[in-house]
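Those protein sequences? They're chains A and B, same order as listed. Heads up, the first sequence is in the working numbering, so the first residue is 1 and it goes up one at a time. Heads up, the second sequence is in the working numbering, so the first residue is 1 and it goes up one at a time.
Since the hints were derived computationally from the structure, they do not count as laboratory data. Hints should not be assumed to be uniformly reliable.
Unchecked claim - The calculated DSS-like cross-link candidates involving lysine-lysine, where the alpha carbons are at most 30 angstroms apart (straight line), are:
(1) B:K180 / A:K525
(2) A:K530 / B:K170
(3) A:K127 / A:K219
(4) A:K3 / B:K170
(5) B:K180 / A:K4
Said to hold, decoys possible - Residues from chain B shown here face chain A by an in silico Cβ test under 8 angstroms; the list is partial:
(6) M1
(7) G14
(8) G23
(9) I33
(10) G45
(11) S61
(12) M66
(13) L112
(14) A160
Claimed, not checked - Which stretches of chain A does chain B cover? Using the computed rule of at least three CB atoms under 8 angstroms from a CB of chain B, they are:
(15) 319 to 325
(16) 346 to 353
Even glycine gets a Cβ: it sits at the ideal position worked out from N, Cα and C.
Next come the chains, spelled out residue by residue.
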Amino acid sequence: MNKKLLLGDQAIAQGAIDAGLSGVYAYPGTPSTEITEYIQTSPAGRQNRIHHRWCTNEKTAMEAALGMSYAGKRALVCMKHVGMNVCADAFVNAAMTGVHGGLVVLAADDPSMHSSQNEQDSRFYGKFAMIPILEPSNQQEAYDMTAFAFRLSEELHEPVLMRLVTRLAHSRAVVTLGETVEQNALNAPARSQNWVLLPAIARRRNRELIALQPDIRRKAAESPYNAYTDGGDHTLGIIACGIAYNYVMEQYPEGCLYPVLKIAHYPLPENTIRRMAAECGRLLVVEDGQPFVEEQLRGILPTPCTIQGRLSGELPRDGELNPDCVRKALGLPALPVNAASPLVVPRPPALCQGCGHRSVYEALNRIVEHYPEARVFGDIGCYTLGALPPYKAINSCVDMGASITMAKGAADAGVFPAIAVIGDSTFTHSGMTGLLDAVNSQSPITVILSDNLTTAMTGGQDSAGTYKFEAICLGLGVEREHLHVVTPLPQNMEEITRIMEQEFNYRGVSVIIPRRECIQTLMRKAKAQKK
Amino acid sequence: MKTDIILSGVGGQGILSIATIIGQAALSQQWYIKQAEVHGMSQRGGDVQSNLRISSQPIASDLIAMGAADVIISMEPMEALRYLPYLSKEGWIITSSNPFVNIPNYPDTEALLDALKAHGHVKLIDLDALTKEHNLGRAANMVLLGATAEFLGLPFETLADSVRTVFESKGEAVVNLNIKALEIGRAFK
Numbered sequence: 001m002n003k004k005l006l007l008g009d010q011a012i013a014q015g016a017i018d019a020g021l022s023g024v025y026a027y028p029g030t031p032s033t034e035i036t037e038y039i040q041t042s043p044a045g046r047q048n049r050i051h052h053r054w055c056t057n058e059k060t061a062m063e064a065a066l067g068m069s070y071a072g073k074r075a076l077v078c079m080k081h082v083g084m085n086v087c088a089d090a091f092v093n094a095a096m097t098g099v100h101g102g103l104v105v106l107a108a109d110d111p112s113m114h115s116s117q118n119e120q121d122s123r124f125y126g127k128f129a130m131i132p133i134l135e136p137s138n139q140q141e142a143y144d145m146t147a148f149a150f151r152l153s154e155e156l157h158e159p160v161l162m163r164l165v166t167r168l169a170h171s172r173a174v175v176t177l178g179e180t181v182e183q184n185a186l187n188a189p190a191r192s193q194n195w196v197l198l199p200a201i202a203r204r205r206n207r208e209l210i211a212l213q214p215d216i217r218r219k220a221a222e223s224p225y226n227a228y229t230d231g232g233d234h235t236l237g238i239i240a241c242g243i244a245y246n247y248v249m250e251q252y253p254e255g256c257l258y259p260v261l262k263i264a265h266y267p268l269p270e271n272t273i274r275r276m277a278a279e280c281g282r283l284l285v286v287e288d289g290q291p292f293v294e295e296q297l298r299g300i301l302p303t304p305c306t307i308q309g310r311l312s313g314e315l316p317r318d319g320e321l322n323p324d325c326v327r328k329a330l331g332l333p334a335l336p337v338n339a340a341s342p343l344v345v346p347r348p349p350a351l352c353q354g355c356g357h358r359s360v361y362e363a364l365n366r367i368v369e370h371y372p373e374a375r376v377f378g379d380i381g382c383y384t385l386g387a388l389p390p391y392k393a394i395n396s397c398v399d400m401g402a403s404i405t406m407a408k409g410a411a412d413a414g415v416f417p418a419i420a421v422i423g424d425s426t427f428t429h430s431g432m433t434g435l436l437d438a439v440n441s442q443s444p445i446t447v448i449l450s451d452n453l454t455t456a457m458t459g460g461q462d463s464a465g466t467y468k469f470e471a472i473c474l475g476l477g478v479e480r481e482h483l484h485v486v487t488p489l490p491q492n493m494e495e496i497t498r499i500m501e502q503e504f505n506y507r508g509v510s511v512i513i514p515r516r517e518c519i520q521t522l523m524r525k526a527k528a529q530k531k
Numbered sequence: 001m002k003t004d005i006i007l008s009g010v011g012g013q014g015i016l017s018i019a020t021i022i023g024q025a026a027l028s029q030q031w032y033i034k035q036a037e038v039h040g041m042s043q044r045g046g047d048v049q050s051n052l053r054i055s056s057q058p059i060a061s062d063l064i065a066m067g068a069a070d071v072i073i074s075m076e077p078m079e080a081l082r083y084l085p086y087l088s089k090e091g092w093i094i095t096s097s098n099p100f101v102n103i104p105n106y107p108d109t110e111a112l113l114d115a116l117k118a119h120g121h122v123k124l125i126d127l128d129a130l131t132k133e134h135n136l137g138r139a140a141n142m143v144l145l146g147a148t149a150e151f152l153g154l155p156f157e158t159l160a161d162s163v164r165t166v167f168e169s170k171g172e173a174v175v176n177l178n179i180k181a182l183e184i185g186r187a188f189k
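With the hints as extra help, turn the sequences into a complete structure.
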């Protein structure tokens, strides 16, 4: 039997390859990046039998995948949870058009925000779009479920959402591989009118999607991935979702004494839950992320049984689950623990030695010092670390591209100077349209487009706009005399600060592009050349 | 048989290669393995850790409970101390004694090493000195692994085989260097 040691992410990727995937569409984002990378470096990827080039953002990825599905082939879209916000329009409407070739949308959530700005739970999106959701509990399930998800998508003619959490995405275990399926042939959808969401057709499609719900619920209720195991003691029933199941079972190596319902396929299996509620006086809901299931069970009217979980305080309201908090919620005594040492201090991440962003912040701070009213709007990437000491150089970090648009809004309100700091990959992801807004309204902002020729934060993936930024800015209407390219090195500090000060004082849109390759990708290339 | 291991260090110090070699050795014994890693932002010079669980029986949780780890393997003394609440009362700490100072408020080194020694079950290894003395280049992490060998529940030879397998593609010189480092670590008392 073919076995491999795989991260949860890689298990999804291998599962998709074996399920006859024709294209993966994604923008890098922790903890989802390794899925696409695995496909890119797989034999099928290297031989270009599977389309695998990075996309500019999650919305272009989602739409391209929908196009591949339209053409009859199986497509996978991968993103981190906040990417779901970016592609939400395409995602929700993909449920309205329905799909032809199997379409699996993979959202990797990040409870505890190891590398993110919020801990939103993607399961809400699946419910919102009225489609099935799969949530694997371990690496083997991640592999098996991917093929299952493609089949389910083609049976229902709807996209299927798969939800991972960081802890599974980035944890390895041995996976036994199954059979492989050939890719679908190119073929046109039968009901081509479904794809034209004019109001009259959309109303019909909406009713069809609603009418499909009993079928979607039945398949979840009968799913091999939702398993009820009876236990002798009915004083408590446990509902454990996805990876939470492991934290429950960790407490009972000889088997759980209470009935356990493991949920890995939504919508919720309602009849099983009603039966558990009737048999057990108390239900404990254990789920990673937001209280998605607990809220559904609880509602606002009194329930015949006690429901416990994150909302009632048995489990913490936020943060990722772990064996310790689950143990406590189950009423088991804590293990004896060594006291934490008071000597230990936090060691936050920092910009690498030799990183070009360092010179950018060094220069920026030198000028901003003379402009106490200046506000610097930051963005998402390695350079967000400029918020920490020693630089403390940015005043905001919200979402991809928000630096430019927030600077514009602040400038419109009278903030001067209003400065945006954005990386190259973030700029093409969601910054370009904001720059066009600023140009059109002649907002007095300076955009520092810190270009390190890669998507650095996630490990150095291709950046969509490399060597195109001057052309993009000019094309959007930035004036040539207010577009500058500099090399962010300590010896160029005088030139960089001079240009910055000059442009901060210009009452229109200016763009400064400090450009120098990421030190990490540079070192990696040097190492590869040595071999 | 089950061993719960916490590997720790600072981003870039090579704790994941130690995990890979132990994992490979466990697999060669038909054991189960779960290895939770840290990717993303923290890898930029921040603290990194990996939960490695190896067992002859199936493993449920990807994470180790507090007070349950059998061993902490650390490339850095403060990072070893950080995970003390995860170590069982009988657990061992095998750590480099060389501080990696990249923050302004790094604690006093003597106090740090004393706190580690106070735990009792600890091997403090001056990896910098050993690496220099034996000319081990970048194989310091294999010294650390060698010093850990007796606590893993795996025969030493399986670790050596695993080192050979993992470094095979890099040529015989690299394999030999890493095996030498592993042996030096094993001999450390």
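Consistency of the hints with the structure:
1. B:K180 / A:K525: holds (29 angstroms)
2. A:K530 / B:K170: Within the cut-off at roughly 12 angstroms; holds.
3. A:K127 / A:K219: With Cα atoms ~15 angstroms apart, K127 (chain A) and K219 (chain A) stay inside 30 angstroms; holds.
4. A:K3 / B:K170: holds (24 angstroms)
5. B:K180 / A:K4: Holds. K180 (chain B) to K4 (chain A) sits at ~29 angstroms (cutoff 30 angstroms).
6. M1: violated (14 angstroms)
7. G14: At about 14 angstroms, which exceeds the 8 angstroms cut-off, the nearest Cβ of chain A leaves the hint on G14 (chain B) violated.
8. G23: The hint holds - G23 (chain B) has a Cβ within 8 angstroms of chain A, the shortest such distance being about 7 angstroms.
9. I33: Cβ of I33 (chain B) sits 6 angstroms from chain A, so the hint holds.
10. G45: holds (5 angstroms)
11. S61: holds (4 angstroms)
12. M66: With a closest approach of 5 angstroms, the M66 (chain B) hint holds.
13. L112: With a minimum Cβ separation of about 6 angstroms from chain A (threshold 8 angstroms), the hint on L112 (chain B) holds.
14. A160: violated (19 angstroms)
15. 319 to 325: holds (count 3)
16. 346 to 353: holds (count 7)
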